[in-house]
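Place chain F on chain S using the hints.
2 protein chains.
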Amino acid sequence: MIMKTPPKALLFDVFGTVVDWRGSIVRELRRLGRSKGVSADWGAFADAWRRGYHPAMDRVRSGKLPWQSIDVLHRMILDGLLREFGFRLNESEKRDLNNAWHRLTPWADSVKGLTRLKRRFVIGTLSNGNVALLVDMAKHGGLPWDCVLSAELFHHYKPDPEAYLGAAAVLGLAPRKVMLVAAHKNDLAAARKCGFSTAYVRRPLEHGPQSTPDLTDDRRSTFNADDFVDLARQLGA
Amino acid sequence: MIMKTPPKALLFDVFGTVVDWRGSIVRELRRLGRSKGVSADWGAFADAWRRGYHPAMDRVRSGKLPWQSIDVLHRMILDGLLREFGFRLNESEKRDLNNAWHRLTPWADSVKGLTRLKRRFVIGTLSNGNVALLVDMAKHGGLPWDCVLSAELFHHYKPDPEAYLGAAAVLGLAPRKVMLVAAHKNDLAAARKCGFSTAYVRRPLEHGPQSTPDLTDDRRSTFNADDFVDLARQLGA
Chain S
0 MIMKTPPKAL LFDVFGTVVD WRGSIVRELR RLGRSKGVSA DWGAFADAWR
50 RGYHPAMDRV RSGKLPWQSI DVLHRMILDG LLREFGFRLN ESEKRDLNNA
100 WHRLTPWADS VKGLTRLKRR FVIGTLSNGN VALLVDMAKH GGLPWDCVLS
150 AELFHHYKPD PEAYLGAAAV LGLAPRKVML VAAHKNDLAA ARKCGFSTAY
200 VRRPLEHGPQ STPDLTDDRR STFNADDFVD LARQLGA
Chain F
0 MIMKTPPKAL LFDVFGTVVD WRGSIVRELR RLGRSKGVSA DWGAFADAWR
50 RGYHPAMDRV RSGKLPWQSI DVLHRMILDG LLREFGFRLN ESEKRDLNNA
100 WHRLTPWADS VKGLTRLKRR FVIGTLSNGN VALLVDMAKH GGLPWDCVLS
150 AELFHHYKPD PEAYLGAAAV LGLAPRKVML VAAHKNDLAA ARKCGFSTAY
200 VRRPLEHGPQ STPDLTDDRR STFNADDFVD LARQLGA
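Line order of the protein sequences matches chains S and F. For the first sequence, position 225 (counting from the first letter as 1) is numbered 224 according to numbering that gives the first Met the number 0, and the numbering increases by one without interruption. For the second sequence, position 111 (counting from the first letter as 1) is numbered 110 according to numbering that gives the first Met the number 0, and the numbering increases by one without interruption.
Derived by calculation from the structure, the hints in this document are not laboratory data. There's no promise every hint is true.
Remember, identical chains collapse to one label, so a pair may be satisfied in a single copy or spanning two.
With a Cα cut of at most 27 Å, we get these calculated DSS-like pairs of lysine-lysine [unchecked claim]:
#: 1; residue 1: K184; residue 2: K35
#: 2; residue 1: K93; residue 2: K176
#: 3; residue 1: K93; residue 2: K7
These figures come from a predicted structure and were not determined experimentally.
Isolated chain S, as found in the complex (with noise of 0.2 Å):
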């Protein structure tokens, strides 16, 4: 596809766009299950504990909390659950479970599709994670990212046009010159309201092998990609 205005850069969503958020937290969880002696239905608990975060984070979008990273968010909703699940841990395996949102196992085909895509764009992460999440996360996954812009950076959690539009500044760039690539159509929605392009991409298995996910195309994204190598085929990387 020829587009009008190629982009310079590409931003990526993260969780279930790039990593596999569900099967590493359940990994997680039932290790440590397993080691505690304690068993539960840990998917239902990486659904709630994944549940959580949209309204924690709706909490600072509307004001009611003071800005929170999402490591914090995260503690604030795995404290309830662990109360819920009656499941005990201490200080310390409490902030280590927290920390398993740092150790995500990225995609079978994101490192290689974005290895490709970083030899022709500014590859750079979008994502609602803190710094720290995301830079943890690159190392543990070897996602070879050319820099890692957070919401965190922008005090806006997306959709906040904020977010868009303070990753595009800091980037030097006109909206128009740089594409949202993501699993969620209300992420890339939100990103062409301020001027992105988008691409999306299908990611069946984010909500597990159980989920019946809508996978019907954007229409409005110019791009509609299977995974990150498809992405780069059509976009000549």
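Using the frame of chain S, we list chain F on its own:
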């Protein structure tokens, strides 16, 4: 050397420490001058361009100017120098010349030393250069940063403490877990005041082959190194 508190992250000053700004700028000026049939003392031009940088930043630091990126400050200084040297360029040539700071060449040991250090530490920039400049430079020179941090993200130029403390905060690290690596003793002193550990790297050619810089050890720094490969060796990386 055994450190009581080994750092988790190494943050690098960039202009002069990682890249040879003077050699790179002189080369670009000479090439442009030749193509326009103009000759001048390009070393003196480069030195004057760089000399304008601290007073310009100080106007921002003191609040006389609102926040301006280094790109904007470089351009303000450049416009004055072009008049002074009687070097006539059109707008697109001026813009391209100003962008020479995005294309500075790494010192011969930089990529090799950083690649070794990256295996053991989080490595990032902590530069007064803006994010776009640093990202372009990293792609141009193959600098393998884990993260690109800039004074721009904190709207405080070094040596303001907010720049050092802001960088440690977004990395989620206590200042004592961060080491600043720089060829400039005043930068190192300001970082130590914020609780960072420091490493001094000698860069004898930063100000050109005719300069006679002070290359004595920085006695307050934990490490004194001849280049990044030497630093990697001393840090066991």
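(message) I'd like to know which numbered hints this structure contradicts. Please list them from smallest to largest.
(response) 1
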